[in-house]
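Starting from the structure of chain A, add chain G where the hints point.
Residue numbers (the working numbering), protein chains in the order written: chain A, 6 to 173; chain G, 6 to 173.
Heads up, some of the hints might be wrong.
The list cannot tell twin chains apart, which means a pair is met if one copy fits it or any two copies do.
To be verified - Here are the computed lysine-lysine pairs in the PhoX-like style, where the Cα-Cα straight-line distance is at most 25 Å:
#1 K27 / K65
#2 K27 / K126
#3 K64 / K35
#4 K75 / K64
#5 K57 / K67
#6 K43 / K75
#7 K57 / K43
#8 K65 / K43
#9 K140 / K43
#10 K67 / K138
#11 K75 / K134
#12 K126 / K140
Read the hints as simulated data drawn from the structure, not as lab findings.
Number of protein chains: 2
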Amino acid sequence: MIVLGVDPGLVNTGWGVVSLEKITTGEQIKAYGCITTKSNCLLPERLGVIYKSLTQIIKKYKPDTMAVEKIFYAKNVKTTLLLGHARGIVLLTGCQAGLSIGEYTALQVKQSLIGYGRAEKVQIQNMLKNLLKLKEVPRPDDASDAIAVAICHLNSSKYLQITNKAGF
Amino acid sequence: MIVLGVDPGLVNTGWGVVSLEKITTGEQIKAYGCITTKSNCLLPERLGVIYKSLTQIIKKYKPDTMAVEKIFYAKNVKTTLLLGHARGIVLLTGCQAGLSIGEYTALQVKQSLIGYGRAEKVQIQNMLKNLLKLKEVPRPDDASDAIAVAICHLNSSKYLQITNKAGF
Numbered sequence: 006m007i008v009l010g011v012d013p014g015l016v017n018t019g020w021g022v023v024s025l026e027k028i029t030t031g032e033q034i035k036a037y038g039c040i041t042t043k044s045n046c047l048l049p050e051r052l053g054v055i056y057k058s059l060t061q062i063i064k065k066y067k068p069d070t071m072a073v074e075k076i077f078y079a080k081n082v083k084t085t086l087l088l089g090h091a092r093g094i095v096l097l098t099g100c101q102a103g104l105s106i107g108e109y110t111a112l113q114v115k116q117s118l119i120g121y122g123r124a125e126k127v128q129i130q131n132m133l134k135n136l137l138k139l140k141e142v143p144r145p146d147d148a149s150d151a152i153a154v155a156i157c158h159l160n161s162s163k164y165l166q167i168t169n170k171a172g173f
Numbered sequence: 006m007i008v009l010g011v012d013p014g015l016v017n018t019g020w021g022v023v024s025l026e027k028i029t030t031g032e033q034i035k036a037y038g039c040i041t042t043k044s045n046c047l048l049p050e051r052l053g054v055i056y057k058s059l060t061q062i063i064k065k066y067k068p069d070t071m072a073v074e075k076i077f078y079a080k081n082v083k084t085t086l087l088l089g090h091a092r093g094i095v096l097l098t099g100c101q102a103g104l105s106i107g108e109y110t111a112l113q114v115k116q117s118l119i120g121y122g123r124a125e126k127v128q129i130q131n132m133l134k135n136l137l138k139l140k141e142v143p144r145p146d147d148a149s150d151a152i153a154v155a156i157c158h159l160n161s162s163k164y165l166q167i168t169n170k171a172g173f
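This is chain A alone, in the form it adopts within the complex:
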């Protein structure tokens, strides 16, 4: 099972592809990175960049499913609205590729990885480093957040059958 985890944002959209072939061998990282858009570009163009990049990532790594961070609030109304724009594009790309999409709050991700919802970012990042046998903590933060949500999704998927297949 291959999961594409995404942490949406207008400036930085983190992504990470994690596979779990055998539960005994554990999760393996296939690739991760961050889609960055320039603030001096127009909003529609920036959304176009996120759409194009994520579509290419899906085409390249052929994930079976997608996991996206669920958000309830942001710093202010303007930030929330812009975050919504970027998150909409992320969900659309998953939907168009016919991927099932799991949505998890930061609390759920932390609980799934550390067993404690208020864990610090550095604890999560070190956990990812150990779990995925990486030499370094995955950077930038948006990429490690994306990998974390992918692993949270894998943890859920081990026990739960995903049924929300969109199939667009």
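Positioned in the frame of chain A, the structure of chain G alone reads:
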């Protein structure tokens, strides 16, 4: 010049195609309507419906430019976030079709049509009915809001050269 006006929303996305061939003959309505998504469908699917429908509308009516309502606030954080998702999809479809995109606040739209930023919705709708020589006020409200933003864009475009061509 053909303008596609859009009033984005997750439940209802109003749209209206207005053309202005000669300033002397005034604006003419080509078509209008509302894309509706069901609340019992998953969010990615609903965004997929907006994307697909709007892409088909662009293909059918071949607008030269797009006008979208600009939002600064919504009822609450959840509504703002969901509205952002839908609005992101709208801007993406325009960007992918290589359309220039004008964004206008409700205040700007009212000022452009009535000359008064705090005009009532019914005043705007009656103005549209007269201006476009319609037998009835365009319905639903989301469609008339979309037509209004299209006309606001035409009013600006009469005097201003639109330069923000995205060209995706």
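Hints and how they fare:
{"no.": "1", "hint": "K27 / K65", "in the structure": "within (22 Å within a copy, 49 Å between copies)"}
{"no.": "2", "hint": "K27 / K126", "in the structure": "neither (28 Å within a copy, 60 Å between copies)"}
{"no.": "3", "hint": "K64 / K35", "in the structure": "within (14 Å within a copy, 38 Å between copies)"}
{"no.": "4", "hint": "K75 / K64", "in the structure": "within (24 Å within a copy, 33 Å between copies)"}
{"no.": "5", "hint": "K57 / K67", "in the structure": "both (15 Å within a copy, 23 Å between copies)"}
{"no.": "6", "hint": "K43 / K75", "in the structure": "both (24 Å within a copy, 21 Å between copies)"}
{"no.": "7", "hint": "K57 / K43", "in the structure": "within (15 Å within a copy, 27 Å between copies)"}
{"no.": "8", "hint": "K65 / K43", "in the structure": "within (24 Å within a copy, 32 Å between copies)"}
{"no.": "9", "hint": "K140 / K43", "in the structure": "neither (30 Å within a copy, 47 Å between copies)"}
{"no.": "10", "hint": "K67 / K138", "in the structure": "within (23 Å within a copy, 53 Å between copies)"}
{"no.": "11", "hint": "K75 / K134", "in the structure": "within (23 Å within a copy, 43 Å between copies)"}
{"no.": "12", "hint": "K126 / K140", "in the structure": "within (18 Å within a copy, 61 Å between copies)"}
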